[in-house]
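Residue numbers for the sequence shown follow our numbering, so the first one is 1 and each next one is one higher.
It is worth saying that the hints were derived from the structure and are not from the lab. Everything hinted at is true.
Restricting the straight-line Cα-Cα distance to at most 27 Å, the calculated cross-link-like pairs of lysine-lysine (DSSO-like) are:
no. : residue 1 : residue 2
1   : K351      : K185
2   : K128      : K91
3   : K128      : K351
4   : K128      : K185
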Amino acid sequence: MNPPMLQDAPTDASLVPMRLAGGATPRVHPGDDVVVVGAGPAGLTAAYALARRGVRVTVLEGDAVVGGISRTVVDDGGYRFDIGGHRFFTKLPAVQELWDEWLGDEFIDVPRLSRIHYHGHYFDYPLKAANALVGLGPVEAVRIVCSYAWSRLFPHAVEETFEQWVSNRFGRRLYEIFFRTYTEKVWGLSCTEIRAEWAAQRIQGLSLMRALLAAAPLVRRDPGIRSLIHTFRYPRLGPGQMWEACADRVEALGGRVLLGRRVERLVVEDDAVVAVEARGPVGPERYEADHVISTMCLQSLVRACGTAAPEAARTAAAGLRYRDFLVVALVIEGDDHFPDNWIYVHTPGVKVGRVQNFTNWSRAMVPEAGRSCLGFEYFCFEGDGLWSSPDAELIALATRELAELGLAPDAAVLRGSVVRMPRAYPIYDAEYRGHVDGVRTFLETIPNLHTVGRNGMHKYNNQDHSMLTALLTVENLFGARHDVWAVNSDFEYLEEQRVTSSRADVTAAAA
1 MNPPMLQDAP
11 TDASLVPMRL
21 AGGATPRVHP
31 GDDVVVVGAG
41 PAGLTAAYAL
51 ARRGVRVTVL
61 EGDAVVGGIS
71 RTVVDDGGYR
81 FDIGGHRFFT
91 KLPAVQELWD
101 EWLGDEFIDV
111 PRLSRIHYHG
121 HYFDYPLKAA
131 NALVGLGPVE
141 AVRIVCSYAW
151 SRLFPHAVEE
161 TFEQWVSNRF
171 GRRLYEIFFR
181 TYTEKVWGLS
191 CTEIRAEWAA
201 QRIQGLSLMR
211 ALLAAAPLVR
221 RDPGIRSLIH
231 TFRYPRLGPG
241 QMWEACADRV
251 EALGGRVLLG
261 RRVERLVVED
271 DAVVAVEARG
281 PVGPERYEAD
291 HVISTMCLQS
301 LVRACGTAAP
311 EAARTAAAGL
321 RYRDFLVVAL
331 VIEGDDHFPD
341 NWIYVHTPGV
351 KVGRVQNFTN
361 WSRAMVPEAG
371 RSCLGFEYFC
381 FEGDGLWSSP
391 DAELIALATR
401 ELAELGLAPD
411 AAVLRGSVVR
421 MPRAYPIYDA
431 EYRGHVDGVR
441 TFLETIPNLH
451 TVGRNGMHKY
461 NNQDHSMLTA
471 LLTVENLFGA
481 RHDVWAVNSD
491 FEYLEEQRVT
501 SSRADVTAAA
511 A
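Generate coordinates for the entire structure from the input sequences, incorporating the hints supplied.
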């Protein structure tokens, strides 16, 4: 299929308007070559948006599969599992249109149930005040309410940390029970080291009082509000199906998606990237470039620029931190152990942070009747004890913790597999903002180098926000002036939508 002629495209009205950037991006011209680094959601979205406008685009992906952290892994027995879980909902019409275009009828509607496991008890997630207070018992409920009242009377005057932000909205006691243990397990940091910015980005619009009022029978709910909490859309064969379909579209439009190409160097001359050098299946490869769109982590990007990056930028990039991740997938007997899609494990004494039940995401993920596939998620740092443990030890750990948590009593574990994902989560520590700004100062000196996506911008973006950064960047190449860095700074994590509005105004959000 021949790509269309390269032409200017007006700003897509279905994209969320952004603030004007300080200066215009150099435009793409007929015959230009654009290299995209990374075949995750942001990279493939950028490649598709370029290819359908007739731009010659090449995607370089270091792994053997597409999708990045949104890939779907298939084990030797045909069982499918995610690197984490990926629901598909968005308030962005342009993103929704792409999802529908790429997968269409391959989407299924999945009932959502996610709960918190705490000392053998289950609590609703998103957290519901009435459920939490009843489940914890009358004595603890009184302590929580008193703690909340204290926080309202004497709040932290400055909200710099996760601990301060959450305590001001839920009270210290509820923070200790339902936020601190899990958050510190995920990030490997004290909640006093995690920035309030991350909490504000992920838990917007919630407080204990709001939750109590929402549960009150006298409070009438706006009939124009539709909850997205109870169901979600999901590709029948997992999220990787989406990105495999997108990659196929890119290639059908004349683009290239090359796997097993690990980018090692960006060749910078006269304040412009002129080529990308990668290690391919048979040795070094070089790709000439008029523009480069990068989704690689900022730390690796600056390193790849070599001496073109000043010492200040190299120091800033080296200061950025990441949380790594591994999933242990267990195939077990039985297919009706618990109804949840996933369970957050707040119970002290176990290392697992979250347990996915992929049988409840899509039956097509599990090829054999009467069996289940569970994903035990462990958060770690590359090179630490968990990360470095042999696969057999990690499978034994997950098997042991499955029994300790009582999630599938007496179910035999048939086999397991392990997948490690480095740099899965950019860390919002006390210094990260200054480090990001230091890297951005350098990147602004290379106007044909564009960064998008979660690690490409060191921002905890969801899939749709990562895609949005790619779409806006492509529009900038055609003359728009979007401030791509504003994405997910002024947006809420969507859980509800006002359906009476044509622009899908967000009215509330939850972590």
